[in-house]
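Participant: Hints given; two lone chains; assemble the complex.
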Amino acid sequence: MTGADAIVKCLENEGVEYVFGYPGVAICPFYNSILESPVQTVLIRTEQNAAHAASGLTRVSGKPGVCAVTSGPGATNVITGIATAFADSIPLICITGQVNSSLLGSDVFQEADITGAVESFVKYSYLVRDANDIPRIFKEAFHIANTGRRGPVLIDVPIDVQNAEVKKFVYPETVSMRTYKPTVKGNMVQIKKVVAELTRAKRPIICAGGGVLLSGAQEELLAFVEKHEIPVVSTMMGIGVMPTKHPLYFGMVGNNGKPYANRAMNESDLLLMVGARVADRAVNQPDLITNNKILVHIDVDPAEIGKNVGPSIPLVGDAKHIFEDFLLQDFTCEHKQWLETLKEYRKTMARKRIPNPAYVDPAGFITMLSEKMEDDGIYVADVGQNQIWSCGYHIVKKGRFLTTGGMGTMGYSIPAAMGAKLAQPERQVIAVCGDGSFQMSMMELATMRQHHVPAKIVVLKNNYLGMVREFQHYNYKDNYSVVDLSGSPDLEKLSSAYDMKFLRLENMDEANEKIDEFLKQDESVLMECIIDPMDLV
Amino acid sequence: MRKKVFQLIVDNTAGVLSRISGLFSRRGYNIESITAGVTADSRFTRITIVASGDDEILDQIEKQVAKLVDVRDIRELAPENSVYRELALIKVRTNSEQRQGVISIADIFRANIIDVAPDSLIVELTGDQAKIDAFISLLEGYEILELARTGIAGLGRGTEKVVYL
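In order, the protein sequence lines correspond to chains A and B.
The first sequence begins at 1 in the UniProt record's numbering and counts up by one.
The second sequence begins at 1 in the UniProt record's numbering and counts up by one.
Bound conformation, chain B alone (with noise of 0.2 Å):
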């Protein structure tokens, strides 16, 4: 099993979301996380979808994926020249003993404490999912209220496979 990410880039057509994600689920494929927005032309939208399984089977995804009349476009964003990064909003019960001990991990990531409540704290973090792991993982001791992350977006590094639409 192997992890990958992919980039597309599909027409802004109602239903595109439902296609890719009915393909997904009918064929089988393992999907981690998907996000996807509206790129800087309104016509389109660019999803990220991380996707899991053998080489076969990753194949299969890209090529099925490709074949859908609304995808202009699906590649790969390879780790070695690509930039992930996810979002997480971490809610976690801290009482006024426990608030500055978060604080300070939170300060190691560079992460942003965006809401304060007497017996809880969130915390707004940003970066690649061994980070985003990593931030939880640190927080065990302390109990995690909610927790909600984006999934990861993605680019290439440089100009060399931008999609020009």
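So here's chain A without its partners, still in its complex pose (with noise of 0.2 Å):
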């Protein structure tokens, strides 16, 4: 057995479906020892998609996405998808090939040295020196990826690594790891804590992050909540802890959020903000949510709490463990005062936009969209002026809702519905991208001709750099720099041209019926809705 062979035997051993990658020379033993095996491959178009592909194969199965590219650019390209992981703490496995060990640091064609170069972007990284440590580097990266704060582990292997002979391989059945212990359980003298604020509480709310969709927490906070009814707003990453039509549910917080859902934030007097960093799109005063109340910091990883405001009450855990001990608590919260005050600030205070009729309405568009998902559907939203819409205008009844808020890497999308469409191929996808962001990741149509997955597809085009667009619009007088994407291809033959069913919608009039067909397809599909160009998130 080779150290390729190994690699791919941890891989079947860890349950791993796909692994999403583009070969060269330096990572050719592994694609070829994977013929032999059951994991399947996807040849994305670019490396950079792969890690986006893992990334949303992560999110709906739970378990770490992998994906296996080659050394030099294929490593470097990789790395924006690799950062955007670490940033929204998404567990991901990279492999990258790698020279010959001997020539290591001699500036060799397609050397690039990755570990060092994505040392900030990874919980952890390796560089293979000896096949015979295969099984224990993939067993540890599996745990550390997918354990404490996730995030994503990078595996370097030279190719002589790959081809050298393996002499037993036995995958370890368990890691000892005496520096990584992360610390899941919440300390009880905390939890009482909280609960003894919990009961003199007059206007408590939580605050719930992507962390308590990481550690699978959303039925254990829906309880919770539903016991004491006690208000709750998210973060864009929590989009989607609960329905969002819950009446506990007040909206998302931050710059771009609902105005409600920052107010009852910041009239609180107990705010619990669980697995959310409180960073600046979020929070951007950080003072508002600790003047007059009580802040408590609920987070898996112990640097967070403390980064960026010094919380009343730290503690540290896992979400889904701290809300079944919170469950176990025996006490009463009454604020029925509190309840009815947000809800009228929800009646009072949302945002009222004027649509252009010559246009489709983005808003109005994501919500009929997503009223006409099935329940469960997966919503992918990219980066720019749409997200900002799909994050506030999008509803979740059991589904999930996709994005990337911590880097905002641009082109997400696509390649993120890809993965998640292949983790679980019954429910519906869809992404809704920018015709920036759009042109990102347009290259992945063809991987998903090529691989048969039928991932739905929004473009909402209005020519711009919308974001951008609007950013000029508010801070440079209308002095439109470089934002103009009026080069765009014509994506009723870009759509054509890999066999997509292709559909336009240029007003609202026929939503309704574009909507309803575009949803009943089962092949892929992509639907181009034409949005005002001046307008504003």
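To be clear, the hints were calculated from the coordinates, so they are not data collected in a lab.
You may find that some hints are simply not true.
As the list claims (entries may be wrong) - In silico EDC-like pairs for lysine to aspartate or glutamate, Cα to Cα no more than 20 Å straight-line:
#1 A:LYS293 - A:ASP269
#2 A:LYS181 - B:GLU124
#3 A:LYS307 - B:GLU124
#4 A:LYS181 - B:ASP73
Said to hold, decoys possible - Derived list of chain A stretches under chain B, where covered just means 3 residues or more per stretch with a C-beta under 8 Å from a C-beta of chain B:
#5 114 to 124
#6 172 to 180
#7 306 to 314
For each residue, glycine too, the CB sits at the ideal point set by N, CA and C.
Facilitator: So this is what it looks like as structure tokens:
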């Protein structure tokens, strides 16, 4: 058995179904070995999207997605995808081929110091020197990636190590790492303190972040807040922690969030931040969430607690465990008036948009689309104005809402949707992007066609890089610079080139029928929606 | 701004020092000195870092370093229950008249003269940072040609806080 065979065996042992990647000489031994394996390969069209596709797969399956690329440019191309996953705490395993280990450091053809380059975007990285270490390294890598604060792990494997003989392959049953032992169970003393505050609180609120979804704590959260009638707001990464129309859910906070969600958070007297970083886009004035209130910060990563804001009660642990423990506590918390106030805010503070009837109204369109989607459908939002509209107007029923909130990488939605669709082919998966973000990933239409991945794509087309144009509108007095997308391809012709069904929606008159037609397609389909180029989020 | 001395025990993996120093540079933490050397068990390296910042930053430094997979242990070496030592090699320009003056200062500090050349000598001094700073300031009037300081190494006193691996 060679090192490459051993890598494939490790993936089989981890139950990996798909590897997203792009071959090159330095990763060829691996791609040769995988031919014999039930693990399927997906030839992505650029390496960045291999990581995004793996991320989409991870987020719906809960198992770390895997990508495998070659050395040098293959490895450097994947960095943006890794950084995106890192910022959103998505576990990934990224295997990179590397030049012969005897040549390392001599700048030979397609050599890149990838473990060095990617250091600040990975949870951990390995450079494999001995093929006999492969089983241990892969076992550790999957463990590190998918426990504690989750994140990507990179494994760089020189070609000679892939070709070397492995004496005996034994996949370890357990991991023994004395340096890495994340705390997942919350400290009972701290939990009791939180409960005492909840008993006292008049205006409690929970702000749920992506950590709640990553730990799979949606059910526990829902049970807890329904039991005590505690209102919930979420960060962008937390969208979907509970159904959008749940009476206790009060929307997304932050610069681009709902005004009533921000007001609710700011006026609370007890704020439980759970699995959220308190980063600038969600909380741009940290003092507002500490003034006149008790802040409880719950996170599996102790370093996040106190990084951006000093909490009154820090509580380290995984959201699922914490809510399970909260549910075991016997206490009452009364705050009827607070809920009435919040409902009033929700009713009166909703942002009013005046849509231009000559175009598709993105807000109205997204709401209609999400209402017609299957209950457990997966909606993947890209980055740009489209993302803000998606966050604001998509209605999560029992499905998922995926986007990149941390890094904000354009082009995320199509590969991520592809990964999600491969992970759960029975679910409806829709990528919604702008014409800018679409063109960052449109090469993946070929991957979808080749591997028969019938994800649905919506392109909100305004011929502008809308988010930047909007920024220039507000900050540069409409001096638009380098935001005009008028060279864009004809999407109808493009769809036909990739054998995709194409639909165009020019205004809201036909939205109802066109969305129905879009959703009923079994094959991949692209819908172009013409939106007002001057529209603002 | 406060100064804190941290003791780290880390796995002796390739690149562990660059992971730690990279963390300090990308997060903008101030590092005053860093020393590293293998422990009695060659699988592990002991690193002593002197860092400065306000309380929040020092707290973040401790948490962020602890988060690194290769780091087994990080703790503060608080001045009241730790010892710190630094080694300095100081090359001073001396002619025959000046030589004795430098030697007598060195004697007061229990420093050693480890090299003598016709126009210079090298003093070896061990002590905490304050002692070394004091010695250097006493050399005012002499020309220091070269100065090499190791940065501090430290240990906690007694057996209470020994990290057993």
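Participant: Hint by hint, note whether the structure agrees.
Facilitator: Hint-by-hint comparison with the structure:
A hinted pair counts as satisfied when its Cα atoms are at most 20 Å apart, and LYS293 of chain A with ASP269 of chain A qualifies at roughly 4 Å. In summary, the hint linking LYS181 of chain A to GLU124 of chain B is not supported, as the alpha carbons are separated by about 43 Å, beyond the 20 Å threshold. Taking the CA atoms of LYS307 of chain A and GLU124 of chain B, the gap is about 42 Å. The hint is violated against a cut of 20 Å. For the hint pairing LYS181 of chain A with ASP73 of chain B, the CA-to-CA distance comes to about 11 Å; that is within 20 Å, so the pair holds.
Counting residues of the segment 114 to 124 of chain A whose beta carbon lies closer than 8 Å to any beta carbon of chain B gives 6, which reaches the threshold of three, so the coverage claim holds. Only residues whose C-beta sits within less than 8 Å of a C-beta in chain B count toward coverage, and the segment 172 to 180 of chain A has 4 of them, enough to reach three; the restraint holds. Counting residues of the segment 306 to 314 of chain A whose beta carbon lies closer than 8 Å to any beta carbon of chain B gives 3, which meets the minimum of three for the stated coverage.
Of the numbered hints listed earlier, those contradicted by the structure are 2 and 3.
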